[in-house]
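From first to last, the protein sequence lines stand for chains G and L.
Residue 55 in our numbering sits at position 53 of the first sequence, and the numbers go up by one each step.
Residue 615 in our numbering sits at position 99 of the second sequence, and the numbers go up by one each step.
Just so you know, these hints were derived from the structure itself, not from any lab.
Hints may contain errors.
What the hints assert, rightly or not - Here are some chain L residues pointing at chain G (derived, C-beta under 7 angstroms): (1) Gly558; (2) Leu559; (3) Leu561; (4) Thr602.
What the hints assert, rightly or not - Some chain G residues close to chain L (C-beta under 7 angstroms, calculated; not the full set): (5) Lys44; (6) Lys70; (7) Phe105; (8) Gly106; (9) Thr107; (10) Gly108.
Everything numeric in this text was worked out from a predicted model, so none of it was measured.
We put the beta carbon where it would ideally sit given N, CA and C, even for glycine.
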Amino acid sequence: GENVEQHPSTLSVQEGDSAVIKCTYSDSASNYFPWYKQELGKGPQLIIDIRSNVGEKKDQRIAVTLNKTAKHFSLHITETQPEDSAVYFCAARLNTGFQKLVFGTGTRLLVSP
Amino acid sequence: NAGVTQTPKFRVLKTGQSMTLLCAQDMNHEYMYWYRQDPGMGLRLIHYSVGEGTTAKGEVPDGYNVSRLKKQNFLLGLESAAPSQTSVYFCASSYSITDTSLNTEAFFGQGTRLTVV
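Only chain G is shown next, with the shape it has when bound in the complex (with noise of 0.2 angstroms):
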């Protein structure tokens, strides 16, 4: 089956500095990779994804890679600001079977002001 490992598990930041979260995955199959943001006490939400088609894909201060060749993605945030720190998680789909989501383990990104 899938496997998705995150790096790193924890980053720490000065405002205005970028954040770099990588992922990898296994499986080939998968073509689509969402990236959701855990704020304390509250549930994951989708900040941004990518689909295997698109090679990059941005969102104001946000972007997504995808190098599809290595099994490569990774989420950049730019001058970031305390209101980014969270938990974040990459996730891989496959596009067979039932296309179930397949989690990293998360990074606690801190945005020191």
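Let chain G serve as the given structure and place chain L on it in line with the hints.
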């Protein structure tokens, strides 16, 4: 628009007790899911449903049962709680992920923190 609502938000159980976690969605989604979240392990799928009256096992189904008697509700049951089931449980819903004309984003509830002592 409430989205996905879970009840209760917190619960403490003694080993061997039973309980049911309730999930309700008002978005007319076909698919519903139950995940558990444990430190360092991300979100793992317990059971899921692709429509009213249907359920299926996910990655970690042992010790849990589910029912989907109505399209908007998905219930997760623990018949005999064990300390290993101490976790935060999340319900989610989405449109059918096989219909690419629809937004297939999964919407999550706020979670139920369950402690089994």
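Hints and how they fare:
Contact between glycine 558 of chain L and chain G, as hinted, is supported at the beta carbon level, the nearest pair being about 4 angstroms apart and thus within 7 angstroms. Taken as an interface hint, leucine 559 of chain L checks out: its beta carbon lies about 4 angstroms from the nearest beta carbon of chain G, inside 7 angstroms. For leucine 561 of chain L, the suggested interface contact is upheld, since its CB lies about 6 angstroms from the closest CB of chain G, less than 7 angstroms. Checking threonine 602 of chain L against chain G: minimum C-beta separation of about 17 angstroms lies over 7 angstroms; hint violated.
Taken as an interface hint, lysine 44 of chain G checks out: its beta carbon lies about 6 angstroms from the nearest beta carbon of chain L, inside 7 angstroms. Annotation: lysine 70 of chain G was flagged as interfacial toward chain L, and the flag is violated, the nearest CB pair being 18 angstroms apart, outside 7 angstroms. Hint status for phenylalanine 105 of chain G: holds, given a least beta-carbon distance of 4 angstroms to chain L, under 7 angstroms. Hint on glycine 106 of chain G holds. Least Cβ distance to chain L is approximately 6 angstroms, under the 7 angstroms limit.
Checking threonine 107 of chain G against chain L by beta carbon gives a least distance of about 4 angstroms; that is within 7 angstroms, so the hint holds. Hint status for glycine 108 of chain G relative to chain L: holds, with the closest Cβ pair at about 6 angstroms, below 7 angstroms.
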